[in-house]
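Visitor: With chain H's structure known, arrange chain A on it following the hints.
Heads up: the sequence lines are chains H and A, in that order. Position 86 of the first sequence, counted from 1, bears residue number 88 in our numbering, the numbering being contiguous throughout. Position 74 of the second sequence, counted from 1, bears residue number 79 in our numbering, the numbering being contiguous throughout.
Please keep in mind that the hints were generated in silico from the structure rather than gathered at the bench. Just so we're clear, the structure is a prediction, and the values are computed from it rather than from any experiment. Where a beta carbon is used, it is the ideal one built from N, C-alpha and C, also for glycine.
Derived contacts from chain H toward chain A, CB cut-off under 7 Å, selection only:
| no. | residue |
| --- | --- |
| 1 | Gln43 |
| 2 | Gly44 |
| 3 | Glu105 |
| 4 | Glu110 |
Chain A residues, not near chain H, derived (Cβ > 10 Å throughout):
| no. | residue |
| --- | --- |
| 5 | Ala22 |
| 6 | Ala58 |
| 7 | Glu81 |
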Amino acid sequence: EAGVAQSPRYKIIEKRQSVAFWCNPISGHATLYWYQQILGQGPKLLIQFQNNGVVDDSQLPKDRFSAERLKGVDSTLKIQPAKLEDSAVYLCASSFRESLAGELFFGEGSRLTVL
Amino acid sequence: GNSVTQMEGPVTLSEEAFLTINCTYTATGYPSLFWYVQYPGEGLQLLLKATKADDKGSNKGFEATYRKETTSFHLEKGSVQVSDSAVYFCALSTFGGNNRLAFGKGNQVVVIP
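One chain only, chain H, in its complex shape (with noise of 0.2 Å):
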């Protein structure tokens, strides 16, 4: 079984430019995260999607930040412009549903250095 595809797996931009990730799911998965971990911390929840709808997004900044995911497949997460602190690794994790949130899986990650 295919895993979670995240990709570029790198990005070095400067501040105030802008970026995209790309995430596809588990095959089937209706759940799709993104999360961001800061070096040193634990991941957190930027946007929850269940199929192409939002289920939560209250950690998400979204004066820069923006994802979709039209089709309820595949997800794209935005950030535009990028400032310093947005250096970070972002993951994405899909699950069957809602109800099993706590057994993500995850993809590779995707790591976002801004100069």
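Guide: Just chain A now, with coordinates in the frame of chain H:
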């Protein structure tokens, strides 16, 4: 709110030593508890879980018991191997409230041959 606290600092130990990583939690309601592991260069993966008080989760020689009275879920392994070197995260989720998974800061474990 829900939160998880893990012991400070990396853990370095010799092969075949006993490993304990402490985890305590604060939660409203009745959480499910998890340990996730992140091996070098890989994504996080679920190691074990427990969904109610006194449950013991186990996998790959690791164990953790859900202790409601002490609000703890400490991870243990009796004899570690070099291949256990990884970062270990304790996490919880509660039914309702969108089942958000809250993670601790993680502990780097380094096993020396």
